[in-house]
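Residue numbers (the numbering used here), protein chains in the order written: chain A, 4 to 355; chain B, 4 to 355; chain C, 59 to 391; chain D, 59 to 391.
Each hint should be verified, as a subset may be incorrect.
If you only want the chain B side, here are some residues facing chain A, beta carbon under 7 Å, derived [said to hold, decoys possible]: (1) GLY92; (2) VAL107; (3) ASP110; (4) TYR113; (5) GLY145; (6) THR154; (7) ALA156; (8) HIS157; (9) ASP269; (10) ASP271; (11) CYS293; (12) PRO315.
Beta-carbon label-pair distances, calculated as ranges [claimed, not checked]: (13) A:THR5 <-> C:THR92: 43 to 51 Å; (14) D:GLU295 <-> C:GLN360: 41 to 49 Å; (15) D:PRO125 <-> A:GLN252: 37 to 45 Å; (16) D:ASN274 <-> A:LYS204: 31 to 39 Å.
Note that these hints are calculated values from the structure, not bench results. Keep in mind that this is a model prediction, so the values were computed, not measured. Cβ atoms here follow ideal geometry from the backbone N, Cα and C, with glycine treated the same way.
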Amino acid sequence: MTATSVLLAPPKVAKQRKISIAKAITEATAQEMRRDPSVFVMGEDIGAFNGVFGMTTGLLDEFGAERIRDTPISETAFIGAAVGAAAVGQKPIVELMFVDFLGVCFDAIYNLAAKQSYFSGGAVTCPMVLTTSVGGGYSDAGQHSQCLYATFAHMPGMKVVSPSNAYDAKGLMVSAIRDPNPVIFMCHKGLQGIGWLGTVKRTIVHVPEDLYTIPIGEAAVVRHGTDVTLVGWASTVHLAIDAADALAQQGVSAEVIDIRSIVPLDIDTILKSVRRTGRLVVIDEDYANCGVAGEIVARVSERAFRDLRSPPARIAYPDMPPPFARVLEQAALPSAGKIVETVMEIMSDEQH
Amino acid sequence: MTATSVLLAPPKVAKQRKISIAKAITEATAQEMRRDPSVFVMGEDIGAFNGVFGMTTGLLDEFGAERIRDTPISETAFIGAAVGAAAVGQKPIVELMFVDFLGVCFDAIYNLAAKQSYFSGGAVTCPMVLTTSVGGGYSDAGQHSQCLYATFAHMPGMKVVSPSNAYDAKGLMVSAIRDPNPVIFMCHKGLQGIGWLGTVKRTIVHVPEDLYTIPIGEAAVVRHGTDVTLVGWASTVHLAIDAADALAQQGVSAEVIDIRSIVPLDIDTILKSVRRTGRLVVIDEDYANCGVAGEIVARVSERAFRDLRSPPARIAYPDMPPPFARVLEQAALPSAGKIVETVMEIMSDEQH
Amino acid sequence: MTARNDTLLWMYDRMAMSRYYEERIRDIYLEGKTPLFNMANGPLPGEMHLSNGQEPCAVGVCAHLGPEDFVSAGHRPHHVAIAKGVDLPAMTAEILGKSTGLSAGQAGHMHLFDPAVNFTCSGIIAQGMGPAVGAALAFKMRGEPHVAVAYVGEAAVNQGAWHEAMNLAAVWKLPFVCIIEDNAWGVSVPKSASTAVPRNDVRAAGYGIPGVFIPNNDTLAVHAAAGEAIARARRGEGPTLIEIETYRLEGHFMGDVEAYRPEGEKEALFAKDELPRFRAMLIDTGVADEALVASIEGAGRQRVDDAITHSRNSPDPVLAGALATVFAESEDL
Amino acid sequence: MTARNDTLLWMYDRMAMSRYYEERIRDIYLEGKTPLFNMANGPLPGEMHLSNGQEPCAVGVCAHLGPEDFVSAGHRPHHVAIAKGVDLPAMTAEILGKSTGLSAGQAGHMHLFDPAVNFTCSGIIAQGMGPAVGAALAFKMRGEPHVAVAYVGEAAVNQGAWHEAMNLAAVWKLPFVCIIEDNAWGVSVPKSASTAVPRNDVRAAGYGIPGVFIPNNDTLAVHAAAGEAIARARRGEGPTLIEIETYRLEGHFMGDVEAYRPEGEKEALFAKDELPRFRAMLIDTGVADEALVASIEGAGRQRVDDAITHSRNSPDPVLAGALATVFAESEDL
Ligand SMILES: Cc1ncc(C[n+]2csc(CCOP(=O)(O)OP(=O)(O)O)c2C)c(N)n1
Ligand SMILES: Cc1ncc(C[n+]2csc(CCOP(=O)(O)OP(=O)(O)O)c2C)c(N)n1
Ligand SMILES: [Mg+2]
Ligand SMILES: [Mg+2]
């Protein structure tokens, strides 16, 4: 069953409670911490500072320094510690401040956390959430602007999600906390709605106060269309929506899918759509080579080959470190304009 | 221009000098060290132990402990040190014993080595070689049997090679040492020809004593064929050759391409072949999700869509940690049998 | 802390059992690997790191631990697993890759997990440190009196993970003990070539915690020092670091010809072997007579032999089962 | 080692220039960022870590270094770059993202590379350690008399990379000096919450090397200690660790409201600011008169203003240029 995104069908409630992704995640965390004493948070500057990305605002006051733990700059140690704590029954939420820092602690993630269930034949689980911030667009340069979705997705044993709006963020966060597996929760900085950066308005949506879950591994249709399937997640969902608007002007009806979960990937929802539209464009802010976009293009090519009317396409980050200078970075990033151009290109290819 | 593999056209020399990949790499290193005093080797157990994978056999005796440096188990420090040494004009060869250990030092690789040229606008290069061992098949379990090709390929700024035979190994190693960029030199343990493991006989070929280079980024045709293009590298080239033999029995003519370099990828040679055969099967010993095989499938689907007669296919490692038990591991690994099956399957798909 | 007689006998029991275990494993490992040694062959393929000689490090510490206390070991884990009370038949079946193994043969000898006694492992050097510190954190947060112990080799101390975890345990005052088994070698690299200081106990000062060095592979000294450290941890006074001079009586892994060892070193180590020394001490001091010691040895051998027979007779695992545990089943949310 | 008068004046010159530089950068940074602060806006977007207050750490060390000596800095590098003699217009253009920048605006303020003076940077905490140790290794292997210095913050010392690199430098006796700028905070986390020991100089014992602690952000004391450490390194006697108590007079990055600081702390830091203290010392001790000091200040300001004007007037870079440097051109083999 394919879900429908809140971006397509906003809930009809009398009193809208519109909040940012950062607030939605904080709320999910607080509510789960009230429910479950084994949930706690560790990371750099998550206490008095409220998390550089606003993921823990106010939690120190409510839960105290035992459960909202500022750590030293020792990612290997505290992520490794989360694995051990999870092994004996705690449910740690750990924050890796920027995903770009994974290189100092990746072993604890993919060789410890992601393999704990497997190495123990399922006897020892690893119910932890690793929150991290991804993405660029604000000139934070080559070691603070990467997405690296595929770096996680390539390694078996962890789930990977990345929300495009506050409603999904809360529901996915609750699911992530309750999941017995390590879940990498990737928050795009440009959508987060934090004090020091702008956000895409569309991310700020009505979020019910009550606890609810969104299943990990279920994509959502963000817009219905018939001519081409645009697939994105997090930041690129919004680019796709903008592109769909522009394409509509040119008489092209684009369907937009927000995969929400990168692992597991809801390929069925994508296949179903492509089987109808016959065309696929995947938009990824991560490096192109061996990225998630390429994976989706490959799976669709393998499994819906005869349904494709044009060559599948992707728009991804060029294989270069994120440039600092704004003009360079903006030229490198995917954009609605590039999507429109690509759609027009693959559609014109059919004439030949 | 597409190159021809020595596996297809062995050199016609009177006196064959057949050596293993390990010996070929050692020879290349020794010859370059004699030529260029700035070349030196660092790593764990590369001195008196000759390298766990035989990459430095005898070098300590010839070059001494200054240039053949055993290191502490401090991969972040000594790989980082290689970056600094390279910045001031040395040409380090560093060994990461097993690729599975990248998680303890990946930052030094992708944030330091791979970005040094970019961050300095080309003013500071990073002429280093990172040798590492990959692959399974001998029951070394979940933290010692991975390939992780795509983990490197996903990150911009480094070249990645993986030879399938001793001739290519020597030529690629010489190129790697002379390259001003970081080159990740990935040796498959099952092909290496070391004392404690068997090897595929076909890897042991005539290797000229004189120095020669093989350009990084040039694929080689290993076998000519007309019905299907099989793409592999390192271990999977040999599976593809075996499969091609079996397919020939069934009247199917398979072309086999050894990409040799993963980054840069010689996609043109693959495209040219697929444009003739109309069919593609890529074989990868690395995890399937966001892997190199998927990337090749995606690029071919994007760029040779109308030339494909059947859906492109890949055979990769299932998305699970390498199992220890032999029966499990053998079931998980790609094999000639799986290739034959897949070729038959995509060819039968055309009937529908 | 002086060891009671039953503790002395328990330690001997586990040391002797561990030694016999490794001898049997070595024999099985060598099956099918001759004449041309190939690690991939035989009923027990892959790497094999035996712990012969290092038994004092295991029993001297684990004598103070209960099943709830957490232990993480590394690539050379058998002696520690046996001392911690890991299920012997399941561990053996795991090492032999059988469906009755701790993880149905998926994990192998470097990845022994037994939640019944809170035992875990990692084959990545020093990466058992973080999980042990995390278990210690959990115990502290929950107000439980348990401790966590991480075993590393002397060469692992130069890995960043070690330093980060030591600092974290110390700054949070966790019930944690780090045991460094100093067998003088990291594969072929001697401690002097890898480590800027002769003894790692001096590094404790960098974390403001006690550091202890135990020379000569001395079981009783290990027992005493570990007892103090663990009691201190249980009292909430924070971590301790203990480095034990121990001896690796086999190659780094099976197949290692040890050409890097100085001549005569190996013989000298065997001459100092603690196992017969400890046995003689038991008898000399009247803790046990020859008959009691022999019966302990016999019972241990029987347990090992039974575990091996059980494992050999167990069926092979199947891929579907392994795939099913990559992810734990999510319950209904 | 007592500083000569010209050295004292040089140190003041660089300290004053650095301070003025940061003030100008701060002003440019704030352009376009009001009323609603958004880091993405203005002529200088992205993160910005200013070094005001930490100038003594830069000049006291770099006074002993020549262009061949290697320095790696971190995310807060301006003061060190200025003291090391990084090309000021090119550095400024880099920080402003212009084509005339050190890397044509590709890298930004956390990634300043100037091979003319062997200066490098990394924005990943403690990851400048390895490259500096590697440069030191290269110098030693080539028999060159140069040294390498790595700058880290006090919070970076708890990162594994720091430990590994210290041990490597020590075990190989490399000409390396580690400078720890202890400004008491790692973003919002105080040293006491991150570090198990009050002072990191005690950690030198873990590497068998000298460790020095300099209280009170004292330029002359830094100069003296660094002089000794660097001379020692040049003599081939191995590395030294120096921790300097220094003061961060701005937020961690621009936009940081510093709610985590105890009340009054900031004012106390400004009261202890070394820049006016050092200026007064120059005059009080007769090293310079007011006019000389003012002329040094004026000249420094002029250089900064010129660099900024040059940068503002420089053209933007283009993507093709950036793409061309991801890989260095391979020469003919
Ligand atoms: C991060 C990492 N680097 C390297 C290795 C390969 N390796 C396995 S054991 C070993 C030596 C370990 O020496 P030590 O810590 O002293 O333990 P011992 O083998 O002596 O018991 C090495 C280098 C590894 N497993 N992990
Ligand atoms: C590995 C890593 N973890 C976290 C960060 C984020 N970060 C940047 S600066 C900083 C604090 C550094 O504190 P310190 O080392 O004392 O230097 P200071 O900022 O005080 O100069 C942190 C946590 C990073 N850049 N790299
Ligand atoms: Mg050892
Ligand atoms: Mg600081």
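Structure-based check of all given hints:
no.: 1; hint: GLY92; result: 23 Å, violated
no.: 2; hint: VAL107; result: 5 Å, holds
no.: 3; hint: ASP110; result: 3 Å, holds
no.: 4; hint: TYR113; result: 6 Å, holds
no.: 5; hint: GLY145; result: 6 Å, holds
no.: 6; hint: THR154; result: 6 Å, holds
no.: 7; hint: ALA156; result: 5 Å, holds
no.: 8; hint: HIS157; result: 4 Å, holds
no.: 9; hint: ASP269; result: 14 Å, violated
no.: 10; hint: ASP271; result: 16 Å, violated
no.: 11; hint: CYS293; result: 4 Å, holds
no.: 12; hint: PRO315; result: 6 Å, holds
no.: 13; hint: A:THR5 <-> C:THR92: 43 to 51 Å; result: 59 Å, violated
no.: 14; hint: D:GLU295 <-> C:GLN360: 41 to 49 Å; result: 60 Å, violated
no.: 15; hint: D:PRO125 <-> A:GLN252: 37 to 45 Å; result: 59 Å, violated
no.: 16; hint: D:ASN274 <-> A:LYS204: 31 to 39 Å; result: 50 Å, violated
The structure is inconsistent with the numbered hints 1, 9, 10, 13, 14, 15 and 16, although it conforms to all the rest.
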